[in-house]
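Peer 1: Let the sequences and hints guide you as you build the complete structure.
Chains L and R supply the protein sequences, listed in that same order. Add 33 to the 1-based position in the first sequence for the working numbering, that's all there is to it. Add 1090 to the 1-based position in the second sequence for the working numbering, that's all there is to it.
Some hints here could point you the wrong way.
If the Cβ cut is set under 8 Å, some of the chain L residues that face chain R in the computed set are [to be verified]:
#, residue
1, Asn-35
2, Arg-42
3, Leu-45
4, Asn-46
5, Ser-49
6, Thr-50
7, Arg-352
8, Glu-353
9, Ile-356
10, Arg-358
11, Leu-360
12, Gly-361
13, Ala-362
14, Arg-363
No lab work stands behind these hints, which were simulated from the structure alone. Where a beta carbon is used, it is the ideal one built from N, C-alpha and C, also for glycine.
So the chains spell out like this:
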Amino acid sequence: MNILGLAWRSLLNRRSTALLTISAIAISVALLLGVEKMRTAAREGFANTVSGVDLIVGARSGQLNLLLYSVFRVGDATANVSWDSYQKIARHPDVAWTIPISLGDSHRGFRVMGTNGDYFEHYRYAGGRRMTFISGKPFDDLYDAVVGAEVASQLGYRLGDPIVIAHGVGSVSFARHDDKPFRIVGILAKTGTPIDRTVHVSLEAITAIHLDWQSGARALPGGQVSADAAREQDLTPESITAFMVGMESKVMTFTMQRAINDYRQEALMAIIPGVALSQLWNLVGIADTALMIVAAFVVLAGLLGMLTAILTSLNERRREMAILRSLGARPKHIFTLLITEAGILASAGVVAGVALTYALLFAAQPVLERRFGIFLQPSGLTGYDVLILGGIIVAALLMGAYPAWRAYRHTLSDGLTIRV
Amino acid sequence: MRPDLAKLAIEARALRYAWPGKPLTIDLPRLDIARGERVFLKGPSGSGKSTLLGLLGGVLSPQSGSVRVLGTDLAPLSGAARDRFRGDNIGFIFQMFNLLPYLGVLENVLLPLQFSAARAARIAGGDPVNEARRLLAAIGLGSDDLLQRPVTELSIGQQQRVAAARALLGSPGIIVADEPTSALDHDSRENFLSLLMSECRAQGSTLLFVSHDTSLGYLFDRTLSLLDINEVRS
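Peer 2: Below, the structure is given as structure tokens:
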């Protein structure tokens, strides 16, 4: 039975206290690791949301606002972009392609986005991956809709199902475009981005369902245009919400951005997604740094709990120390015994904490994805995680040095006197 | 009887010790105990017994004077060297609570070997577990059933026997017993003591038995009174 074994057996003898201490450490470690995992996932989710798009153009507002509503489907546009301006920019020789976006309606809590076929052709996410269809194809007919993977799975939609689009973006809407139902013709594969939560229709469809609407309310009976009658009309939109631009040559991106920002006819703004994303990340980063600090303090509290438990046990264990001393144990053995104890408690806490983290992530993953769109890849511990966990154990050993030093002093002053 | 100086197990000269900030506890001009001798050291509580044992065991360092144990002067040794020396050469039995509650009977008996390679090396046949079982049996704890029990479930008398087997394991030159029988009734006391003594004799260990109860003194080669030899008067 070496010192390690003695420390282990001694802890087993005090297993209820030890288990509580380990639990406290485990919970704090799980919190820290969980926050770290979430923020890595969130950061990756951010970065993966859009790629291959050189510029996003919308009405002049804030850079973040434009990014949020055009890419993340969060918030609303303050103004629209006129069809004329869009056409002018789209036809510019340096522009390779554009993706128009028209937002403002929803379907059972999911945003509806009007666009055209170029969207499926040119939009990229997660470092250049293309959208793919699990089943079906892009919209073709006026009343065709393509739904994201999550829309389909959450609402149980299959190809051919009819859906009705609601006016506005509230999850419960009373104004429904129920006179012009759509039919699902395509279901997209999962991307882990807001695409999954979007219902896509053509720009013309957006125009069509609003033909008989004025100022956000349905026209009076008699003024309504039927679904078939709408087909006969000119459905070219007067305006769109925003559009994405792919350049012929990346070199021209900044020139084009400046030109759009200086555009005289209309107050437009062009942003570079990568720049806006990192700005957004900086903003959100403050919150998760705060979370990390809180989690770090919880870990500190867990370790202080361990310190308290060890210090409390010291007095009742002076007898144990005196017995070991009488058998020839040197003060360094006593010191090692207590440091080992701190090491065992912290290591067990860290291991349990890691297990707890993965159990929780596993359990929470579907909820996180559904509610917040955070897609947690089941990943192993990163080097950084291991560094943090190692740091916790080192901190515990350093803290353990205090009771160890106390016990060391006891052994010198107590001699072989056994205190009861 | 004047013991032969070359064959001394314990030899203390002009030994003085005071706990920090306290008056002198030990002022011992001379103490000689021969190798193989069985000495009864009597002294009421508070007479400095524990302090004297701490000095002999090398846990405490005297302010002045010298202690030689089995021919080795403890004074020049470092703290760690004295600890090692104690582990190699002295087996202690205390009044009570000798055992680590979280170890089994055999593990408690074998514990000294963790700190002393010399004691492990002295075990005949080189099988510590066998030797531990033999000692336990010799001291009256033969049954396997007892060996399986947690030490906390043993009676005080049984615990003291385990402690005695532990002190004897690896034949240390000196066995120091500090009131080991005070928690036992009179009959088990004599029985315990005679088993301890015969085992000490068998392996040639010196026995220093400390107690305030003089009724057992007749079993020993010699009886010393700490009140007589310690010049500190409380």
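Peer 1: Taking the hints in turn, state whether each one holds.
Peer 2: Now for the hints, and whether the structure bears them out:
About 7 Å separates the beta-carbon of L/Asn-35 from the nearest beta-carbon of chain R, less than 8 Å, and the hint is met. A distance limit of 8 Å between C-beta atoms decides the matter here; for L/Arg-42 the minimum to chain R is near 5 Å, and the interface restraint holds. Taking 8 Å as the C-beta cut-off, the interface hint given for L/Leu-45 holds, the closest approach to chain R being about 6 Å. Proximity of L/Asn-46 to chain R holds as hinted, the smallest CB-CB distance being about 3 Å (cut-off 8 Å).
The beta carbon of L/Ser-49 comes no nearer than 14 Å to any beta carbon in chain R, farther than 8 Å, and the hint placing it at the interface is violated. Annotation: L/Thr-50 was flagged as interfacial toward chain R, and the flag is violated, the nearest CB pair being 13 Å apart, outside 8 Å. Interface hint status for L/Arg-352: upheld, as the beta-carbon distance to the closest one in chain R is roughly 6 Å, under 8 Å. Taken as an interface hint, L/Glu-353 checks out: its beta carbon lies about 6 Å from the nearest beta carbon of chain R, inside 8 Å.
Of the supplied interface hints, the one on L/Ile-356 holds, with its beta-carbon coming within about 6 Å of a beta-carbon of chain R, less than 8 Å. Residue-level restraint check for L/Arg-358 holds (minimum Cβ-Cβ distance to chain R is 6 Å; threshold 8 Å). The criterion of a C-beta within 8 Å of any C-beta in chain R is met by L/Leu-360, whose closest approach is roughly 5 Å, and the hint holds. Restraint check, L/Gly-361 versus chain R: the minimum CB separation of about 2 Å is within 8 Å; hint holds.
Taken as an interface hint, L/Ala-362 checks out: its beta carbon lies about 5 Å from the nearest beta carbon of chain R, inside 8 Å. Restraint check, L/Arg-363 versus chain R: the minimum CB separation of about 4 Å is within 8 Å; hint holds.
Of the numbered hints listed earlier, those contradicted by the structure are 5, 6.
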